[in-house]
Each structure stands twice: as structure tokens, then as C-alpha cells.
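Peer 1: Chains A and B, in that order, are what the protein sequence lines are. Residues 1 to 337 in our numbering are what the first sequence lists, from first letter to last. Residues 1001 to 1337 in our numbering are what the second sequence lists, from first letter to last.
Keep in mind the hints are simulated off the structure, nothing from the lab. Some clues are possibly wrong.
[Unchecked claim] Examples of chain B residues toward chain A, derived with CB under 8 Å:
1. 1050
2. 1053
3. 1068
4. 1075
5. 1086
6. 1094
7. 1109
8. 1222
9. 1282
10. 1284
[What the hints assert, rightly or not] Derived DEER-like restraints, expressed as beta-carbon distance ranges:
11. 1149(B) <-> 328(A): 45 to 51 Å
12. 1090(B) <-> 239(A): 54 to 60 Å
13. 70(A) <-> 1102(B): 29 to 35 Å
Glycine residues also receive a C-beta, built at the ideal position from the N, C-alpha and C atoms.
2 protein chains.
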Amino acid sequence: MVKITDVARRAGVSPSTVSYVLSGKRSISAATQRRVEASIRELGYRPHAGARALASSRSNVLALVMPLRSGIHVPVQMQFAGAVATAARGHDHDVLLLTQEEGEDGLRRMADSALVDGLIVMDVQLSDARTPLLRTLPLPSVLIGFPAEAGGLTCIDLDFTATGESCVGHLAHLGHRCVALLGSPPEVYVRGTGFARRTAAGFTGVARRYGMTSTVLPCEPSRAAARQTADRLLRDHPGLTGIVVHNEPALPLLMEAFQRAGMRIPQDLSVVAVCPDELAENAAVPVTSVAIPADEVGERAVELLMTKLNGVAVPETTLLSPRLTPRASTTVCGPAS
Amino acid sequence: MVKITDVARRAGVSPSTVSYVLSGKRSISAATQRRVEASIRELGYRPHAGARALASSRSNVLALVMPLRSGIHVPVQMQFAGAVATAARGHDHDVLLLTQEEGEDGLRRMADSALVDGLIVMDVQLSDARTPLLRTLPLPSVLIGFPAEAGGLTCIDLDFTATGESCVGHLAHLGHRCVALLGSPPEVYVRGTGFARRTAAGFTGVARRYGMTSTVLPCEPSRAAARQTADRLLRDHPGLTGIVVHNEPALPLLMEAFQRAGMRIPQDLSVVAVCPDELAENAAVPVTSVAIPADEVGERAVELLMTKLNGVAVPETTLLSPRLTPRASTTVCGPAS
DNA sequence: ATGAAAGCGCTAACAA
DNA sequence: TTGTTAGCGCTTTCAT
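Just need the whole structure built from these sequences, with the hints factored in.
Peer 2: Below you can see the structure in the form of C-alpha cells.
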């Protein structure tokens, strides 16, 4: 193994000089700089992570806490993970995967063992057992998602309230008066997952403001559940002309179910979804949608964490504005052509 | 921070004794053992990961190399990742996520920096640039998947050749004579992803052995591509009565496309899939399928790696046998009822 | 069965 | 601008 003393000897400098060249923590003459860099390159030197962590109390690793709960759309989670990993590498950090089978104990373990410098926490529940712990842990953290009580925590996410509002707003402007939100499976609401609840709140609030008739229903991503939901909705609300679907795997099933029940899209029923663009574009009828900007969220989460690691304060709340892309699934409400 | 000397003092022993209690590397009297363990518990001691790694040259971290390439079904990858993470924790190891944006350099970085003890490499290509490197790296590794030339490497995967064989075999025994395999998107074949190629090889081999007419086609997971594939297949092979689909996202699209083209499932067309059970069960017609045992593969991969870390030799090749579950999508070939 | 002490490879005062 | 050196917290010989 090539170590810092080897590099130093070959460059004719002291080990500390090599260390300083690497960290940039003090100014080095151009000549020395060059000789050290050459020596590093020629020897293929790479600092021993453990030694560095021990001496500097910085591991250059951050933990990504990804619970892998049921009812959560996996590809979207994965997109977050990929974005976080990429961004972390851009800041010279690696990413440790915590699947949260360990629960809060895993977080404590990270803090005590100094394995990581900070935490990025995904799939935050409205009432999340981890948040009190995160507040007291001597480890900086950034949450992707918002708990009900976010004081003292750094959180970032798509503004789901605004997303719900934007979706109904779009339908309202097209003249729809009776609308429904079809969301995540019941378990997700029961857990109190923030994004699900917030979308519903935004949806309901604006619908009421516009004096629209509105309903919110959870939905299992099975063909049977989709049919049942569609049929029930059409029976209870014969005037229904617009739906918002916030449930990726159920989207195609629901569209199929409504069509089967005799509703043409968009002539009889306008559909807005909250889902990745790729899914929206590939549906039987391309769907008007608000995308979840996973890449941006992941990247900014890492940036927030790095800023905190450098001892600089960051805003507690970062909300990204939704962007609605109109596609073929929505149209003005009126007598069907 | 609680350190080993604190624990030792409280227990009235030397630091080395605490270390030995933790590692079990020498016998300790029952009394001492109890006092040390109590001290650890009371102080909430957890060893400093960096210090431990430096002194022992073992980080207790393993890297999961997950390229996140296009055309790969994300939920299945994630299931692998989850299984690996869980299994690793069971062996007192953590998992570092390497998304392979860094390519081979990332592997080298792991080796040089001593950040991890070993590698689990996913999404292995038939001709994979990483394999020569893995052979020479002083870091033990286990590949999930098989390169064309696997000598000197430890590999584990579902036996995809047998999977392909099992799928045609099932159709053959039901009397089908003209069959097709619809696989991953073209890019996956072009890259030479092992599992795609091997399934095709098994499929073709057995089809030929039984004297069946067989075709292999890649398939994009878009509605348009699915239709085109179905139409073209029916035009070129009017006698087609059975298909095998090895492409998760395309499965529902293909079934829909064939039905649209007038083929009833299973009366006119039998369908076998290679995909997670959940997907197979939830299709419009539940699909006869071979599941990918991601949990078992992930767990066994970790076990293989741990064994190697302990200096014990392991078999180079581990192939898990496919298990085909018959469902409603396949039936005997004959005049439609 | 236990202790003492020498590092592991690096960083960051402290000196010059 | 650079060098010297004292640790960082742990493991593991070597002694007893």
C-alpha cells in the first residue's frame, strides 16, 4: 500500500505538505504543488479512508436512509438515490445505504461510530419517530419530505400542497366542477406520509375555494381495486368529469377502469397525474402531469447537507414549485363531442 | 465521545480486554466478560469506525456496485439492493452504494482507500470492462450475474439458461409448436447483458431440440413498440401460439397489444413471463411465470463474500434453479374453444 | 486470563 | 512557505 510518507519522500517534501496539497488548507508554492501532484499521480496514491477519518473526524461518507416501505413507488425512490449518490460524489463523498430495517437504532449507530458525516433521510412521515432523534443527534441531517412538525430540521421536497392546488386549478380553469383525487394506497395515508397528505390538502382546499365538489380516495395498485374505485366514484358522483391521480402504479389501471366504465379520456373525463414524465408520456392517452423532480431534490439535499457540514446555516424549509405539463388527457369540460 | 478506554476504566480492565471481548478473539473469564459488557451497555459505547478500520485493516463495509443502466427493471434491482443490505447487516457490515458513474475508477478507489472490505457487483455484462480489473484487485468480490468469461471470479445468479429452457419446455408440453421470446430493449442485448443473452440461448436451444419454430425479438417498453412487435410477429408467424416475455415493463403492454390484434389469452396465445410474482399475479390475465429470486440471490451473494473475507474458498459458480409457476395465461395448444 | 505498549496512516497544531 | 510531531481510537503483538 502506498502511503502519504511514500508520496512525500518521492516529492522531497514532508508528509504534512502532501496533506495540505490534498486538502488545500494552506497555500503551497506552485513548484511544490506540481512535484507533489506528480508524485501522487505516479504512485497512484489514495489516502486511507480510515486513517483520514480518525485524524480529521470526517469520514467523507454520508448516509442515505431509505426505508423501502410498501406502497411507495420504487423507481422514484431510486431516482432520488441515484441523484444523491451522484451529487455526493461531486462533493467528494460516498454514500452509505441504510435501509432502515434497523429503525432509529441505525441512526444512533451512525452517530456513535462516526461512520458518516451526515444523513439524508427519505420517506418522511408526518409523525415520524425519527425526527425527535434527528433533532438531538450530533450529526447534521437533511430530510427529503416534511414531518408535521418540522421545526429545527432541514427539509426539502416538491411543494405537494401547491401540486395538489395546481392540479385542481388546471381542471377548474377547464371548467370542471366535480373532481376527485385518487391517491396512494390506504397504508400510506395511515402512516401519515407527508406528501400524500399534503397533496390531498392542497387539492381539497382549492376545490373548496372554487366551490367544486371534490372527493379524496386512496387506491390500491391492483386491477380489481382500480375498477372498484372507478365504479364507486361514478356511482356516488355521476357528475364527475375530472380526476387527479397521485399513484404511479395505479395510473394505467385507473385509466383503463374508467374507460371500461364508459368514460372516454379526455372527452368524458379529464385526467391529471402526479408522476414521472416518462410514465405520463407512455400512458394509453398521454397524461397531463406534474413531475416529481427527483434529480433536483436529491442534488439540492446533498448541497444543503454539505453546507451544514461546513458550519454554514441553511434555510429550514426548501419547497420546489410544481410544474404542470398539459398533455392529451385533459380538456375543457362540456358536452362530449 | 465514549471510547474504549472509558469502557475499560469503568470495568476495571485494560483496553485490550475490551477489544477482545468485542471481537471474541481470545477467551475471557465469565466475570470479566460480564463486567465489560455491562460497562459497554451503560456507557452506550460504539467503536469508532475509522479507528477500527485503521488498526485492523477491516472497515466492515462492503460496496454494492449498481450501475443503474437504462432498460433494466428498477424494482428488481432495488430488491437485490435491499436483500444485500439486510444480509450485510446480519454480518455486521454496512453497505456503500456505488452507482458506477465512476466506472472502473470507482472500483480502484475502493481498493486503494480501504473504504470497503469487498465488492458486490450487479448488472454484469457478458463482456464487462470491470471483470479483468476485479480479477486483479486485492479486494474480494462477488458478481450477481455472469460475464462470458467467468474464470477466476465468484458469480451467482438465477440460472437464466435453465429459465429459458423451462419456459419453452412448459409451452412444448402444452403442445405449442411455434413460439417467440420477447426480451429486453435492444440496448440491453447490444451491451451483452448476460441474463438477457442466456435466457435467449436456453429458449432457442430447447425450441430447436423440440423442433419448434422459434423467434427472439427485443422489445422497447412503450405501447407503440409493443404493438409493432405483436403485429409484426403475427404477420411473420401466423402459426404463433406461445410467447415468453422477459421484460417486466413491456409485459402488460405486450399482452394488451396481442389482445388488440385479436389474440385471446390463453385461448389463442399462451404467455409465459420471467418477472416478479407480484407483476405476474396482477396482470389482466394472471401470467404463468418464472420469478427472479432477488432476495435469495442477494443474501447468498453476501454470504459468499463473507466467506471469502474469512479466507475460505468458495465455488466460482452458483446457479439458482428456476421455478415456474403456472397461472391462467397458458393452456394446451389446440383449436380455440 | 489479562495487561502494556507499539503502531495503523493521516491531520493539524506548533515551530521555524 | 514548509517541516516536526503529537495525537486520533483502536487492534494486536509480546509479556506475564
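Peer 1: If you test the structure against every hint from before, which numbers come out violated?
Peer 2: When the structure is compared with the hints, none of them turns out to be violated.
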